[in-house]
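> As a plain string of letters, each chain reads:
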Amino acid sequence: MIHTATVEIIYRLISDMNTGKIIRRILFFTVLLAAGGLAVYRNYEIRKIPYEKIMLNASEEYSKILIPPRPGIMGITITGEIIRPLVFSIIGKATVTALDWGRLGNRAVVKVTATIDDKGRVFITEMRSGGHTEAGLLISEALQTWIYTPYKTGTIKFFFNLPSKGRKLIIDTSGLRRRNDIPPEKRVYDGQLYYINGIKSTDVGIGSFL
Amino acid sequence: MGFKNIKRTKEKVELISLIDMLFILLVFFLVTSFVIRLPLQERSISIPTPENRPGRAQIVIQLIDGNTVFWLDETASAEVRNIENRMGYMSRSRLNTYIVGKLVQKYTIPYQEFTEKLGNLVHTADKNPDHQYFVMIRSPDALPYVHVVNVISRLTKTSYNNINFGCVGGSLKDIRDCNSIRTVTEVDSYGNRRNNIQIDF
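Protein sequences, first through last, are from chains D and X.
At the far end of the first sequence sits residue 210, using the numbering used here, and the numbering has no gaps.
At the far end of the second sequence sits residue 411, using the numbering used here, and the numbering has no gaps.
To be clear, the hints were calculated from the coordinates, so they are not data collected in a lab.
Values in this document were obtained by computation on a predicted structure and should not be read as measured data.
A couple of the hints might just be wrong.
Ranges between beta-carbon positions, derived for each pair [to be verified]: (1) Ile46(D) / Lys383(X): 50 to 58 Å; (2) Gly205(D) / Asn374(X): 29 to 37 Å; (3) Arg386(X) / Ile124(D): 50 to 58 Å; (4) Thr149(D) / Ser369(X): 20 to 28 Å; (5) Thr133(D) / Glu396(X): 56 to 64 Å; (6) Ile91(D) / Phe344(X): 31 to 39 Å; (7) Arg386(X) / Pro183(D): 24 to 32 Å; (8) Leu236(X) / Leu27(D): 56 to 64 Å; (9) Thr202(D) / Ile319(X): 51 to 59 Å; (10) Ser243(X) / Arg25(D): 32 to 40 Å; (11) Tyr370(X) / Glu45(D): 52 to 60 Å; (12) Leu13(D) / Val241(X): 40 to 48 Å; (13) Lys337(X) / Ile124(D): 44 to 52 Å.
Idealized CB from N, CA, C, for every residue including glycine.
Please construct the entire structure, taking both the sequences and the accompanying hints into account.
Structure below.
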């Protein structure tokens, strides 16, 4: 209906023009041709669009939408506490006595084997001392006061070799094992394993040496 | 189509009316074309929708009835892990039942204690403005929604609006009948390792 009305309006507009008949005809047919061309071009463009994009059926469209289940209906994850790594180290308490490195002299060679129990207490099981007689006594007095965090138990060995030009203290931790009651997901790191005043960190070796 | 034999009285086209009509038609087509284009535009709009995966929260508040509440928070993960370690010999289904039973027994609290806990949570949130909390409120369909509204109104009393919450329909029976409940070790976005409780319905 709109198309018929449009043609009628164009026809009347052209009829009212004060130009020659031929020109009016040419003009009319040109306009018709242009309109026809546009209609053909429109059909051509529409053919390129997929059918479902031309015809929009609202009810059909909404029936296709899948409503996903809301989080919490299918399951819940409750975040737990942060698992903090455990550090095996000397507990910094007032009861812990520091060993004075300067008092050991330059000739002391002392090997100490100790056991750490479930509560982190140190029990000296064997000690061999040479070079400086008092050194062994000083070391054993200090070591017996050290208390470790109760995450590892077993044997720990200390090798004080003060005449050495390399590492003057070696701590062998290969005999230590993490406690069985610590949950497997918790990691146990080694922290401060000795409490000695005046020693350089470069003079200490920690690991499985002995 | 003859132009030459027109002997009729000239019927002048009223240009003003014609222009009016043209404008009306123009407006009509503009509006209709805009309306037609809307569904096409809607298709291209990306609306974030919930993903089909377990909801994640720090605290789950399961309303049971008007008097009791099942409050599950991060402290429960240690409890579940402990049971898993001790009762690992049980079949998975029996272990699930055992874990849920223990949790329900330990974490079901009367309403008065629940309101105190909510107050403590709000207080903690106020003391830690940088920390974001997420609380999931589960309510059975039969329970009047006013209970949920009461919980929400308490949770929104924070000074820094750092308690977020979500509401889901569900009963304690769903938790009791869950397919599995277990602890899962995950690394969060800050690199912290956490023991989370995962409940699958």
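> May I ask which of the numbered hints given earlier this structure violates, with the numbers listed in increasing order?
2, 4, 8 and 12
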